[in-house]
Structure formats: C-alpha cells, structure tokens
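S.K.: Read off the chains here:
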Amino acid sequence: MTTAVAISFVVNGEHIEASVLPRLNLADFLREYLKLTGTHVGCEHGVCGACTVRVNGDIVRSCLLLAVQAHNATVETIEGVSDSGEIADLQSAFRDRNALQCGFCTPGMLMAAQDLLKQSLSPNRQQIREHLSGNYCRCTGYQAIVDAIETTVRTRAGRLP
Amino acid sequence: MKASAFAYARATSVANALELLTAHGDKARVLSGGQSLLPAMNLRLISPELIIDIGELAELRGVAVKEGVLTIGALTRHVDLLKSSEIAAHAPLLTEAVAHVAHPAIRNRGTIGGSLAHADPASELPACMLTLEAILIARGPGGERRIPAAKFFTGIYETALGPQELLVAIELPVSPGSATHFFHEFARRHGDYAIVGLAAQAVVRDGRFADLRLGFFAVGDRPLLAGAAGKLVDVAITSGVLSGALSALDEELDPLEDQQATPAMRRHLAKVLLARCVSALLGRPDLLSGATA
Ligand SMILES: Cc1cc2nc3c(=O)[nH]c(=O)nc-3n(C[C@H](O)[C@H](O)[C@H](O)COP(=O)(O)OP(=O)(O)OC[C@H]3O[C@@H](n4cnc5c(N)ncnc54)[C@H](O)[C@@H]3O)c2cc1C
Ligand code: FES
Ligand code: FES
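Quick mapping for you: the protein sequence lines, in order, are chains C and H. Numbering-wise (the numbering used here), the first sequence opens with residue 1 and increments by one. Numbering-wise (the numbering used here), the second sequence opens with residue 1 and increments by one.
Quick caveat, the hints were computed from the structure, so don't treat them as lab data. This structure is a prediction, so every number in the text was calculated from the model and none was measured. Keep in mind that a hint or two might mislead.
To be verified - Taking lysine-lysine pairs in the DSSO-like style, the calculated list, with each CA pair at most 30 Å apart, reads:
hint, chain 1, residue 1, chain 2, residue 2
1, H, 27, H, 83
2, H, 27, C, 118
3, H, 27, H, 66
4, H, 27, H, 151
5, H, 66, H, 151
6, C, 35, H, 2
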C-alpha cells in the first residue's frame, strides 16, 4: 500500500499532474520535481520558516505538508509571487535596507511579510515582529528585515519613506 | 530528516475514517493539520504504517452556538478560532490563548482537535479546555463518548482516546457575561511552547471571587486545574490569603525538568503567574509585592 498516489494541483498558475509517494513533502516536490528551488528547506520540522509557501491563499510550512495533501489545492511559491510582480516593492526594500546577506531565509521572510501586508494595512513594528516570529535568519539580524517591511508598509500606504 | 515510508488513505467521511481506524487501529495514525504529527515523523520519533488523512472532512470543521453551548469541530484550524466572532464573544479566553499557539503559518494548518489529541503538556489549548469545562466528544466503533476535559488528559502525549477513536468535536458552555479572564505564558520567543502558562477565568462580585478556575500548563505531565483556587473564592483577598493560595499551589505542582527550566524555576514562575492573575482580575496592584519573575 505504500504505493504512489496520483495528485493534481495548480502551482504558480500552472496545472500539475503527478504521481508521488505519500512520504514526499511539498517542499521536496517543488524543489526536486518542479525545480522551483526558491522554496528552501532548513529544519524540516516547522521551526525555521525557510519553506513557507502559500496554499489556497494561506501561508504554510511546505516541509509539514505532504505533497498528497496538496491535491486539488492552489500553491504559490516565491517564484510565482516574484514573477507576477506582487512583491517587487518588498524585494527592493529588502535590497535597499540590507535585509539579506546569504539569502537563505529570504524567500520565507518575503512570503510571511507579504502575508502580513495583505491582512493589515498599517502593522507596527511589534506586529511585524510577531508575524515573522516563526522565521529564522542566521545572518542579517531582524532589525533590517523589520525596517524593510516597515518601509514597504509606508510606500504602499502612498507615503514615501 | 525525512519520514519513513507509509501508506496513505484520504478519508472520504467520518464513517470511512472510523472504518479505517477500526481495521488498522494501532498501526495507523490520523492526520489532521500535521503540525505535530509530521515533525514527529520527520524526526523518526514515530513511523506509522498507515496515515488516515481526515483533512477534507468538512463535517468536522466550524464553530456553532446553540442554547448556551459553543460547539467546535475538531478540524477547526487555530486561525479560524482566532478569527471567530462566536469564540470572541462566548469564550474570549480561547481567542486570547490561540494567539500564543505557534506561528501564523502553523496556525493556518494546525487544528484544535489535533492539539488536544496530541496533548503536549506545554500547549495552551488543553489547559483552556480544563478552565472552560469543555466536553470532548469522541467517536469510535462503539459509538460516541462524551469525555470531560478533566478526564481526557492522562499524561505526556497521552489521552483517554482509544486507538480506534476519533475526536470529533468540543463543547464549551458559553462564558457568563459576568466572567473575566486572564491569560499569560512565559516563552522564549512569541509562539514557542510555554515554559509555564496560566489560562484563568473568574467571576468577580463586590471585589471577591465568586468563581475562579485556574488552568496551568507546562507545570507537569498534563494540564492542571489548580485546587488552590478554592482558597481564593468567597473570601476577602489579603496578602495573607494570597500567600496561602501560593503555598497550596506549590504543593499541587509536580513540574518536569527539561532544557528550558528546572522544576524550581517552574514552581517559581507558576506562583508569579497566580499572583499576577489575582491582582489583575481584582484590579489590586497592592497584591503584587514580591511577585517578580
Ligand atoms: C514550530 C512549531 C511550534 C509550535 N508551537 C506550538 C505552541 O506554542 N503551542 C501549541 O499548542 N502547539 C504548538 N505547535 C503544535 C501545533 O499547534 C499543532 O497544530 C497541534 O499541536 C497539532 O494539531 P494538528 O492539527 O496539526 O494535528 P496533527 O499533527 O495532524 O496530529 C497530532 C496528533 O493528534 C492525532 N490527531 C489529530 N487529529 C485527531 C482527531 N481528530 N482525533 C484523534 N486523533 C487526532 C494525530 O494522530 C497525531 O497523533 C507547534 C508546532 C510547530 C511545528
Ligand atoms: S524547513 Fe520547513 S520550517 Fe524549516
Ligand atoms: S540572510 Fe542568511 S539566513 Fe537570513
């Protein structure tokens, strides 16, 4: 019974059909089968946030979701939200504010930040910190990341920093 | 690390999930949000032969209020609890507590049923269930059982659920309009499991507690409904009465040692929380002397 299961779902707007073993998690499916390597894998137990993607509009840990559980779902990865231009302003704020060094945590940080900015028009620094509390960065320190997100909040509100 | 191989079945109804559980029992595990099960499998702490995915059973999802009872389906996600206006109105303690459960991406998948069935003694929701006098509804091959929260949690990751049973819903009495609550936990980082926490609900009349329920978590192998509350009900609270309650709490506690804290530190923090809770609920800052963490 540990045989492959057929799944069908949409990734970054593209319809995907596949047959996968139940133990394969969504992060590995995206990276190894679809070569969408922007989704990073750090801890594989939900602690670091590097694997954050959107499933049916909600951010989730793709290391804690089996690929078979994504059947019929809509998945968006960092590649999808980059290509559509949805987070172009966040990405330039990260660059401008030195909010990344090695970039390992950055895709997950951007996915989490965009999720907050969609839910709240003017989060303060405390709310930004709370929303990002599940994402680890080993290089930059969180100050610059919070700065970059705060800058984006202001530009999106139509006020230049 | 990756999970070892297992077979997968997507349950199509509660009846179907129960058939699978009856056939495979011990060798199978129910998968709801996966936010505790998959880490445990990825770390190879457990390797079930069959995963029964109940994630699509819409009949187990949602919040309803009827005749003074709040019913929450086991598959209701933490994010749904957090955003539910029914829960905010009728069990505000729960709304406040859920904000401390893990991080947003985890709350988008984790469920109340999964959290209660997992029974981590450091988790928030089991203690809230004791405080709010919840009834947990389990369904198995022999039909339905209604288990009071006080009988449900039996040890670390241990509950009264049998291997062939599914937790289907939780019932909470609607909190009386006169009730107030207090929630606080000490954690290393917002969203992490608590080092020690307290979920309390009270009715205060004329400056005294007419009712007080204290649900402590991360103070032992299961959540604790502190009997020490008895020392505080229907009496004028002086610092002497409070110290009596603190000593009574100390005697009830049997804290565990782990990487986060020694038993002595947990005892100290639990007492700090009790003092803060009493002072906050009665609006009596004078009771706080000496209660520093
Ligand atoms: C990084 C991280 C931090 C976390 N921090 C916290 C925290 O601070 N506080 C906290 O409370 N939790 C925390 N969690 C756990 C999280 O809240 C989970 O959502 C929850 O404990 C389990 O719910 P689930 O729906 O994901 O259950 P699953 O992981 O799917 O299942 C957990 C267990 O319950 C069983 N089960 C699930 N549903 C049922 C059911 N309906 N009937 C019978 N058995 C069932 C499963 O078989 C399994 O044994 C954290 C998780 C992670 C990854
Ligand atoms: S790899 Fe998924 S949270 Fe770390
Ligand atoms: S930039 Fe290197 S981990 Fe965050």
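S.K.: Quick one, are residue 27 of chain H and residue 151 of chain H close enough, alpha carbons at most 30 Å?
M.R.: Between residue 27 of chain H and residue 151 of chain H the Cα gap is close to 25 Å, so the pair holds against 30 Å.
S.K.: Given the proposed pairing of residue 27 of chain H with residue 83 of chain H, does the C-alpha separation stay at or below 30 Å?
M.R.: violated (36 Å)
S.K.: Does residue 27 of chain H pair with residue 118 of chain C here, judged by a C-alpha cut-off of 30 Å?
M.R.: Between residue 27 of chain H and residue 118 of chain C the Cα gap is close to 42 Å, so the pair fails against 30 Å, i.e. violated.
S.K.: Residue 66 of chain H and residue 151 of chain H: Cα distance at most 30 Å?
M.R.: Holds. Residue 66 of chain H to residue 151 of chain H sits at ~24 Å (cutoff 30 Å).
S.K.: Against the 30 Å threshold, does the CA-CA distance of residue 35 of chain C and residue 2 of chain H hold or violate the hint?
M.R.: Holds: residue 35 of chain C and residue 2 of chain H sit about 19 Å apart, inside 30 Å.
S.K.: Tell me if the straight-line CA distance from residue 27 of chain H to residue 66 of chain H falls inside 30 Å.
M.R.: violated (38 Å)
When each numbered hint is compared with the structure, violations occur for hints 1, 2 and 3.
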